[in-house]
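Place chain B on chain A using the hints.
For the record, the sequence lines run as chains A and B. Heads up, the first sequence is in the working numbering, so the first residue is 796 and it goes up one at a time. Heads up, the second sequence is in the working numbering, so the first residue is 56 and it goes up one at a time.
Bear in mind the hints are in silico, worked out from the structure with no lab data behind them. Only true hints are included.
Only some residues are given here: those of chain B computed to face chain A with a beta carbon under 10 angstroms: (1) Ser142; (2) Asn184; (3) Asn209.
Over 12 angstroms on every C-beta distance to chain A, these chain B residues come out as not near it, computed from the model: (4) Leu68; (5) Asp120; (6) Thr170; (7) His233.
By construction, the Cβ of each residue, glycine as well, lies at the ideal position given by its N, Cα and C atoms.
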Amino acid sequence: MNMKTLLPLLLMFASMMLFVSCNSGRTTDKARVAVVISTLNNPWFVVLADAAKKRAEELGYDAVVFDSQNNPSKETEHFDNIITSNYKAILFNPTDAKGSVANVKAAKEAGIPVFCMDREIDVKDLAVSQILSDNYSGCVLLGQDFVKRLKGKGTYVELLGIVGDNNTWNRSRGFHSVVDTYPDLKMVAQQSGEFDRNKAMEVMESMLQAHPGINAVFCGNDAMAMGAYQAVLAAGKADKILIYGFDGAADVVDAIRDGKIVATGMQFPKTMAKTAAEYADRHIKGERDFQQKVPVAVELVTKENVDKYVSYGKAE
Amino acid sequence: MSASKKYILLPVLLMVIAAGVWSSVYFEPLDTRKDKERIESFNPREMVDYFWKHKLDEVLETAIDLSLFDSLLKASPAILMEQHGKSVGVTSRRSFLVKGFARSVGSGVENIPATLPGGFVRYSLLMKNVFGNAARNATDFFHVDDFENTMDFNAVATELNSLILQEVIAHKLDSIPHGVSLRFFGAVEVNSEEIQAEMEIVPLRLEITP
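Isolated chain B (complex conformation):
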């Protein structure tokens, strides 16, 4: 082989090898890879779907009236926290299941005010993205010690929030006419060290009432 052919062949060979190596590997974000590994052994969505289909009714039976919640919050917050609050670990935050009524105020709103004239706190139903652990903790159905690690426990909170957005918030936002009365069940989180004047309730069920 002549020297000039060698000079042409070598870069071509290198390009072929480089193309081969490139096509044999692919890159993905670290968090995507981690998610895949975890999902192979644990499916939080399945767990949350099971809860939603088979246990939600039972859990909602433990909800307390918003009026009772509000009066206890005003008069005896410590008793409210101890008797009805749910928490995980060392925290001043407690989650509660409450039930009450609200009146829809039309589409495009982020929150629907709950009906509680003269309340100690102003409550509203969250009608946008749901974040955090309030819903998971308030149900008291999922317990951290049942999970191999806290990532799985937290994945359940994320999936439950996503299901609430999909099944309750997005669904109802489209179908509720303006001005109708709603009965709701929901989760509310309270910081016992700093009680806020306004609180958002994560809706777990919304029903149009006559």
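Extracted from the complex, chain A is given alone in its bound form:
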């Protein structure tokens, strides 16, 4: 055999070895888990994403975070990519209770289990499990504190979150289940601040112009509570209007300590993310018996107990 015939054979052999080596490398690669988050433009969801990624990595997976930017079409694009890219599970924070259903259905049909975190979808039996804050109970606690501090009378406004998100309504209903039983407490305006600080500030400014004599504002999240506080401060009413939030964000925990905000409902995003990642791991390993809905308790944080808490959790 001369060199002319040997060289192509050697090259072919080398190519085959390279192919085998690449493939064997791929088979030893870690399985991938997708973390799809409604928006990373809010610190709460950044904590949720980081905690889910961290726990999935601790469990031996490669975790990739996708930001849906609060845009259902962006979320669909992510799901399309994930479905064609051999992911083993999706840890999912939906953009919309109804609008995200089709994406979860597509993933299920492709054999990829979905575990919802914090926000739910409005259909049963599509996601393997939905791990959610017990918003309703948390807002019952806030409502009871609200009534106690206002001595059961006065006027207030409410800043709702995103209208298509069930969390918005669970929070509002929990709060109203208490407050509405006090006839001398009157809600004079209710409007969406879309869970956004700037939007909430704008809405609150308008509300203050229309209702300058209000005694309190109930906000569906902490970002809106901070926006409302800015508007109230600018109007020179910071010592007259009680502000309530929900989440347990760092700036609101500090504001409660400083007496700027009265109370918040402390959520535990790390617990939700950790539980979702662990459920995904158990599912990948063959377990199939999961509770469909797993509410995670919310705790009331006020000036009296704020030292027990840090942002999005309890102090160690």
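Frame of chain A; chain B shown alone:
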């Protein structure tokens, strides 16, 4: 048509159009609208009424004596939580069905003390508005996975609380004479991380005893 008539007619026309548009639309709060949409497909009151009429007796049979509850709470809280506590999801709170006795203390009171001399905790029957999930969870009849979404599950808690207020608390407050002995069945919630010295029991049934 003269120019002056045009100037008169135009504002009149605009007012008529504006009145037409105004009368063809109406505004309502967002939460009211949401409630209407949900009620079209789900009726929590019907579900709670069914439970109250047909299942409450069966559920109350599982209630444990308040004295047993109290002694376990003092001696072996972990066993009490595990064997008798009901919870939904990840929480340190557990709900229990208990039964015991109390003595009425007259109208206008918010709570009636339960009779348990030397108890580890002081218990009283709640005789005002009922909030939260203690009653729903303690019955262990309603399960979150049976509902399309958590809003419906929570609506059941609200309706059950409202029914308790109407059928047990308001009703009995008017009819119980001062000083009579009462047998009660009720729901109590315990935070296993922070056991309180005083606990309120949500009454599910109150009976005057001889």
